[in-house]
Amino acid sequence: MTKVTPLDTAYDPHRPETAVLLEVRDLEVEFRMRSGTVKASNMVSYHVDKGETLAIVGESGSGKTVSAQAIMGIIDSPPGFVTGGEILFRGKDILQMEEKERREIRGDRISMIFQDALTALNPVFSVGWQIAEMFRKHRGMSKSDGYKRAIELMDLVKIPSASERVNAYPHEFSGGMRQRVMIAMALALDPDVLIADEPTTALDVTVQAQIMELLAELQQQTGMGLILITHDLGVVAEVADRVSVMYAAEVVENADIEELFVRPYHPYTEGLMRSLVRPDHKGGRLSPIKGSPPDLLAIPSGCPFHPRCDYAQDICRTDDPPLRVIEEGRTSACHFAEVFSDE
Amino acid sequence: MSEPILSVRDLVKHYPIRQGVFRRQVGSIKAVDGVSFDLMPGETLGLVGESGCGKSTVARTLLRLIEPTSGQALYKGTDIFSLGKGDMRELRQHIQIIFQDPYASLNPRITVGDIIAEPWSIHSDLLPKGKVGDQVRQLLELVGLNPNHVNRYPHQFSGGQRQRIGVARALALNPSIIICDEPVSALDVSVQAQVVNLLEDIQDEFNLSYIFIAHDLSVVRHISDRVAVMYLGKIVEEGVETDLYGNPSHPYTQALLSAVPVPDPGSEKKTRILLQGDVPSAANPPSGCHFRTRCWKAQDICAEVEPPLEQHFDTLAACHFAAPREVFAEG
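Respectively, the protein sequence lines represent chains D and V.
So the first sequence is numbered by this note's numbering: it starts at 1 and just counts up by one.
So the second sequence is numbered by this note's numbering: it starts at 1001 and just counts up by one.
In isolation and in its complexed conformation, chain V is listed as follows (with noise of 0.2 Å):
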């Protein structure tokens, strides 16, 4: 097997809670509390889990957009977390992400051309200045969009366009990883399948491996070679998409996967687990396995013993009674 060409190692983000005319610190939201995977040249991992988990933290400790408050993660084993500004910058060329939001994550006020254009000004040593335009020009003709429309802006653009301009400007500097942030989230199901096709041709024409982010576990697992589930701020889960897919192990997944809606009437699922409550704070989350407090299968072991993430049958996963438990019917 390859080397991986990303190794995340107990990634830890805690954002002091700070009170009293001293903002003295009296405790701390846990966002993301010990995260480790690897991510392998050309795959696809996804990252899942519901608002609040983490997974969107991870995603910006990585190009350091937040900084994390303790771990590694070794790009081509380089500690990315060690890296000096310098350095950083240099890093970022490998490693771009593209966000959600394409209406926000778009300058308003310059062109199209522009912005696709902006990476190489920050790192002018790439390109001379003279390539740049039609380098541009064949960017905007990779990710399908017309290169006669370089001057125009942003809301010149429809929602889906407006994710290809971020898709362009995240290959500019042909970067090794991409980290999609819920790259289709905000798109209609018509725009969102185009999305999500130029997402996997771009993948085989550059090899590029993508951390993919996102709260919908049909996206996810069409996309994806392996994937992780996190529950407050931790991986509970995580293995070949067919495996987690096909038989999770960890009660949080068989829950959240039984209550994604398929799309197909006449489709009977085998299990349908209603979860009570909501998920508790992070920044008081129940001691041992985080989940406890809303799985079925709790035990006295459950508070006091936090179960590692570890193979059991198909996947990894965290829990003390993992068994495995298929979801939905044969399709």
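With the rest of the complex left out, here is chain D (with noise of 0.2 Å):
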């Protein structure tokens, strides 16, 4: 299983350098365990620019929200441990960064929403005093005035009633009203990157358009990037620039979201395509992807999609396909990627 990236051809040379604020290089995530060692991100390499959204789609187990752990720094270590890779910051290495530097950057100029905003709240300290945290901590401000920033934050967030609320508890809130303190605290400090892990999977799907409606608005105001991790392509359609679609831990390929669903040059991609379904028109049967993601603790030799492609040869069940340019902004990690999609 060795698998090289040319890294000067797996990017896209026409791109900006001075845009890029977040670049993931080559990531190389091991979770050593009883059962074995998993590699959970396996050459992983995205970048997020200014004012634009990049999607990271992906089915359970594919890795997705691994590189994000580890761009935050809260990969449990033991038992993982990043192996490779570099994870730049307006071109600085965080992963090469001392730990005070870093945490100026972590929390502060990126920083991250989860799916289960209950969770994530501390339940025994009122929201406002959760988002004044911040101040406190990172600004050093007083409680006072942290309060007063808490409560513009949610009135930013569109809280009802902030000022009221701002003493109330997490579970005092719905799921929906949970996230968007999630969200204000994730803007307290103004990042230049967001990154929000499945923010509205728990949400229903009214609750879920304002949430996503919010983020946009958002983004508008402050010109963030926002990394947003999901599995839903329906969303990504929606919301998304730039999508690099994961699956066994790799990418296998990345495109600009209408090019994607245009002409996808992986089968996996393709394959998640046909089993859609829209609620604008009821479709034909839908012909999926055939058996089941791997398990991580098992990915299969060559190209980890092999044993559920309609186009495998022989050289797929032995050699891992690089990602590699196919068109200008395309890359693919597909050894017949311009044959299939022909088809």
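Please keep in mind that the hints were generated in silico from the structure rather than gathered at the bench.
Beta carbons are placed, not taken as given, at the ideal position from N, Cα and C, and that holds for glycine.
Where hints are given, some of them may not hold.
Label pairs and their calculated CB-CB ranges [as the list claims (entries may be wrong)]:
{"no.": "1", "chain 1": "V", "residue 1": "N1174", "chain 2": "D", "residue 2": "E258", "range": "44 to 54 Å"}
{"no.": "2", "chain 1": "V", "residue 1": "T1271", "chain 2": "D", "residue 2": "G283", "range": "15 to 25 Å"}
{"no.": "3", "chain 1": "V", "residue 1": "K1129", "chain 2": "D", "residue 2": "L118", "range": "46 to 56 Å"}
{"no.": "4", "chain 1": "V", "residue 1": "Q1019", "chain 2": "D", "residue 2": "L118", "range": "45 to 55 Å"}
{"no.": "5", "chain 1": "D", "residue 1": "G283", "chain 2": "V", "residue 2": "Q1156", "range": "31 to 41 Å"}
{"no.": "6", "chain 1": "D", "residue 1": "E152", "chain 2": "V", "residue 2": "P1280", "range": "24 to 34 Å"}
{"no.": "7", "chain 1": "V", "residue 1": "T1271", "chain 2": "D", "residue 2": "G140", "range": "43 to 53 Å"}
{"no.": "8", "chain 1": "D", "residue 1": "P307", "chain 2": "V", "residue 2": "N1174", "range": "28 to 38 Å"}
{"no.": "9", "chain 1": "V", "residue 1": "N1151", "chain 2": "D", "residue 2": "S35", "range": "49 to 59 Å"}
Subject to a maximum C-alpha distance of 20 Å in a straight line, what follows is the list of computed DMTMM-like cross-link-like pairs (lysine to aspartate or glutamate) [as the list claims (entries may be wrong)]:
{"no.": "10", "chain 1": "D", "residue 1": "K282", "chain 2": "V", "residue 2": "D1216"}
{"no.": "11", "chain 1": "D", "residue 1": "K290", "chain 2": "V", "residue 2": "E1200"}
{"no.": "12", "chain 1": "D", "residue 1": "K158", "chain 2": "V", "residue 2": "D1278"}
{"no.": "13", "chain 1": "V", "residue 1": "K1269", "chain 2": "D", "residue 2": "E338"}
{"no.": "14", "chain 1": "V", "residue 1": "K1269", "chain 2": "D", "residue 2": "E258"}
{"no.": "15", "chain 1": "D", "residue 1": "K282", "chain 2": "V", "residue 2": "E1200"}
{"no.": "16", "chain 1": "D", "residue 1": "K282", "chain 2": "V", "residue 2": "E1043"}
Here are a few chain D residues that face chain V, going by a calculated C-beta distance under 10 Å [stated by the list, open to error]:
{"no.": "17", "residue": "E99"}
{"no.": "18", "residue": "P160"}
{"no.": "19", "residue": "S163"}
{"no.": "20", "residue": "L276"}
{"no.": "21", "residue": "L286"}
{"no.": "22", "residue": "A312"}
{"no.": "23", "residue": "V339"}
Dock the two chains into a complex; use the hints.
Structure (structure tokens):
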């Protein structure tokens, strides 16, 4: 299972370097467990620019969250270890920084919201206290100034009657409102990059629409880069500028959103599209991908997708295809990217 | 037109709220508050709504996993809710259920073969013991699993395969209705599509009727012939799939559909309706029309008179100001 990703070819050379806020290069993360070593991130590379939304799409167990956890430094270690690659924030590798410098970036310049806002919030402190904590810890603000800013933020994320609810506890809020509190905390320090890990998966569809609308609005105001981690291609189609598709701990395809849906360059992406049901017309019988996603403890040889792939050849069973440029702004990790997508 | 196989009339399930030393009832949570619908043989009725709207409670009362407060459910003319224990057990062979969580709904300590054979040990008169093994293997094959895996335990299967086991168990007694309670919600997209196809295949093969409950409006559209939308314990709109998605008349349906993301970056929505606030508590629903507190069309009458579910344009809608509106652009 050798995989060589020639960096210079995996990247779009036409992309202006200046706009890049955050770039992950060849990130390798391992979890060393009793049952074996799991490679949860295998040469993962992506970048997000100012004001842009990058969606990282994958099914459960594809490793789509792991790289974000590595960025935030919240991988449980042990068993998890970052074993290779770079995480460049404005060109500087976070992984090589001193702890103090790193802390100034994580949580401050880059922040993250999670799927389950109820467990992410501390149940024994009021939401105002928790939002204000950001200002006290990172900005050295006084308690009362912190509270004032907390109320402003709760207004910003459209929590009704913020000044009354600032002293309420997480359990007194609905799921959607809790997610707004999370967003308020994440935006408190005006980050350059926001990572949203399945922010609406636990929410009802009307609330999801509210939250996605809010994120888009805030992004427009602040120009932050947004990394949206999700399994929902519908949400992706509505908000993302670019997409990285992950499968079995690898990025298998990068593309602009329109192009991805028109012509996927990886059979896995194509299979996902064929599995989609749509709300706007009924559609015929689905032709899903056969089998199920692999266990990261037992990733197939060669191309990890080959056992489920309709186009697999002998080479796919032996050689893991590197992520390579297919055309401007498009990369794919398929030996036959050009061939199959012509059919 | 043929007779409905199942007719539900004014189904109500209220949960008492008790307080104080004497556990006095101080109110009730109106989980299901007067739901009526018909299910035709071979038909799939989709039941959609957001969490807490009562859709799963409807499913469970139909099997009397939860006892209803009042109402009627006629299966081929017999009222399910008035049956005694023995008769109810007999009836359950005709109505089966598949649950959302394939991890929680299979006993982890017994083999897959025993799980699928369990219905026959309860209804022992239906199949001679000697034939059970063969039947189990046939069922496994039917749902796309390897019949040689009959001695494996649930944890040895993936989520999608476990859901197939659930389907096999539901099919064992040759039912005429299967209630599918969020059967694909816990599955990944690629696996979800496989299970949807499986459900469609066995429906054709055995002429099953489905009540398909889900919060995913796209999946419901794909699989359903008719769809009913629930909000706070009531059906607010019901119609044939094409009409309900194409020309919904109830404001809630319109808002709900407009919130569903379309997996097509090129498609433009005609309407984007963002609802304000959250669903009110079912313990204290708004007077009149339950939806009026979040409705942009609400007038005084909406607080005073509860709108009945009746024919407006293409669908049945419970709204004083029902008016059809296209939500999706022509696909």
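So which of the earlier hints does this model not fit?
Going through the list in order, the structure violates hints 4, 9, 13, 17, 19, 22 and 23 and respects the others.
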